[in-house]
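K.L.:
Residue numbers (the working numbering), protein chains in the order written: chain A, 1 to 341; chain B, 342 to 740.
Hints listed in this document are in silico derivations from the structure and should not be mistaken for laboratory results. For clarity, every value in this text was computed on a predicted model and none was experimentally measured. We put the CB at the ideal spot given by N, CA and C, even for glycine. Be a bit skeptical, because a hint or two may be false.
Stated by the list, open to error - Restricting the straight-line Cα-Cα distance to at most 30 Å, the calculated cross-link-like pairs of lysine-lysine (DSSO-like) are:
no. : chain 1 : residue 1 : chain 2 : residue 2
1   : B       : Lys570    : B       : Lys587
2   : B       : Lys587    : A       : Lys126
3   : B       : Lys425    : A       : Lys126
4   : A       : Lys126    : A       : Lys233
Claimed, not checked - Per the computed footprint, the stretches of chain A lying under chain B, defined by three or more beta-carbons under 8 Å from a beta-carbon of chain B, are:
no. : region
5   : 146-157
6   : 262-276
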Amino acid sequence: MDAIILQVLNGLEKGGAYALIALGLTLIFGTLGVVNFAHGALFMLGAFCAVIMRSLLTYEVATGEVEATAWGTEVAVTTPYVTNLFGDFGNTLIDWAVPVSILLTIPVMLIVGLVMERGLIRHFYKRPHAEQILVTFGLAIVLAELIKAQFGANPIPVPEPAALGGMADFSGIFGSEPGTITYPMWRFVYFLFSAFIILVVFCFLKFTTFGMVVRAGMEDRETVGLLGINIGKRFTFMFAVSAMIAGLAGAMYTPIISPDYNIGMEFLVLSFVVVVVGGMGSLGGAVSAGFLLGLLQSFSAMNEVKAIIPGIDQIIIYLVAIIVLLVRPRGLMGRKGVMET
Amino acid sequence: MKILTHPTSSVDSTMMFIFVAAVLTMPIWLTPIGAAYPDLMQRFVIFGLFATGFNILFGLTGYLSFGHAAFLGIGSYTAVWSFKLLGMNPIPAAIFAVVVSGVFALIIGYVSLRRSGIYFSILTLAFAQMCYAIAYSDLIGKFLGINLTNGETGLRVLADDPRIMDGVLTSGIDTSALTVNLFGLDLTHTWVWNGFQFNAGFYFCAFVLIIASYIAMRIFRSPFGLMLKAVKTNQNRLNYTGVNTKPYTLAAFVISGMYAGLAGALLCITDPLAGAERMQWTASGEVVLMVILGGMGTLMGPMLGAGIIKFSEQKFSTWGKPELHEFLAFIPDGIRDTVVSVASLFVGSGWHLTLGLVFMLIVIFLPGGIVEGGRRILMIVTGSNRRNRQIQAAAQAAE
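Using the sequences and the accompanying hints, generate a full structural model.
P.N.:
Next comes the structure, spelled out in structure tokens:
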């Protein structure tokens, strides 16, 4: 029982990341009808926003004092400038670099999304899906290589805040012995964060006028346009929002996996599978499939399961995707006529 | 309306003749641009073959597969197993690779082709990733209790493998070197004449490529090929007229899978080692790049694209700042440093950036690839574009 609860917890965090990326992908499909292979690259850009934020905060300046090292040479003492400016609050700021980086990620990713949509995606509405895939695939390569040129090819570790690090003991909640169900605190935070973002997006679409117009536009773009609403502008904004969601998912994921330039590609393939399993065009499907596949992946990584079928954890997602597509070709919650030509 | 032009058989024969001559004389005309060493030329030919096969599926039917690297890998593993069990002869290796990858393509294609469009791309991608995971961790081998793909180290021929045919076919020849030989002719052998290098392995691959491209040309010109083009143009209309398109697309998928398997086998003929990284989805992406760059749906485009990508990979990825300084020597000293530091982003380890940019530009501005570009330039030069438009205008006026 404990092992099962532990695997559920494990799956939630991974599922959260899949769900966030898949949500953005589905929003882009649904609104603009574009297949965005560069979405993984947006996740990666978000992760590097956190890296940039941390290096900005930890930028060190010389204090003017000199210190002798163990070898007798003298070096200038440097301290992070935020510490000089804000004292203890500066140190806390450095510690909380990852959550603080959200402040940087949101504007950066919104701008990146806007520029990408206006500059490139706009010209591909009417082109075949194959060409949309290809051009965004090319863009993904370019973005990854630019990041590689700037930050190098090695993963850059970004620590979580000390207060949210370490293990959390969930044994009490489930009535087990203390110390049996422990789980990295940050992963739980990540799950809560992703659930929060998903909730906000759904509320935004459901309860605001803007969201209502967007949903109407997803149903029938032409009619909404005929009613005198500039639906193109709103769809562009939704593209930027999707980019922002992917970016936030990436920024908060940095303490779990140290980001390198290739991280987006790894997530992209999986989140496409998630979108297809959930049903293309269905936001609820994308989110639930994200969590479902995350859970399946963590369960198949259990030693008991692996003893029966070795290596199942590496292929389970693809296997499930193939079976789902064959049994329910539209995915779990897919609607008729979405992307079927 | 587009004016239909049908290439006559004499045009095709001329093209084929030029192509054969160009492939066979590669070691000579590639020497001035510094690409005439056997290893690189073999890669030109092998990836040309891979891209040609991919084009039969993607170029003709429009189905974008993101999983063809799986067949490349399957072909490689089959070839190495053929070396291990039967002996170091490339012919059975190539035949087995084609058959086995064809069987896999039949299974994967049968399942994937139930969907079209983006779903098809994702399904093939899922299958390829699955094959990659299976090969990388040797899951089937673990299940059966044998060393099927040898995991991340890669599969290679060992001295104590049975190789039952080696003793029969090449009696009296020393085969302990574990290099591939065609009835005794060592395929790593290189004849040198006037400084040109003629490599046996290259000519074997070139021979296979010539046969394969002849077959590809026949497919393009056959009623079957026309049917595939019809699938690309409008599959719905075909279905409404009562044509079942599935057998045609499946056949195209299997044929292109076989080409990929053959290319995989040839990779092992030049170096008898099969690794799982060949099956990764980036490798599938690369062949898409080749076909798009050269021109999808054209006969020579994929070959051209493969050649250009492999050539620039070889050239640009080894360049650094010193080479750039030499290359850009004509720029005045003052600004040369700036130019070099900007340009150095695009070479060396950053050459993928160049590839990505070029690829995007091609997709945006020239979806027909280099072949289309060449055709446009030719039209401007000969003015046939204007003439076509005049004919069209006349036809419209007549209506």
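K.L.:
Run every hint past the structure and note whether it holds.
P.N.:
Verification of the hints:
no. : hint                : verdict
1   : B/Lys570 / B/Lys587 : holds, 14 Å
2   : B/Lys587 / A/Lys126 : holds, 26 Å
3   : B/Lys425 / A/Lys126 : violated, 52 Å
4   : A/Lys126 / A/Lys233 : holds, 17 Å
5   : 146-157             : holds (count 4)
6   : 262-276             : holds (count 5)
Hint 3 from the list above is the single one not met by this structure.
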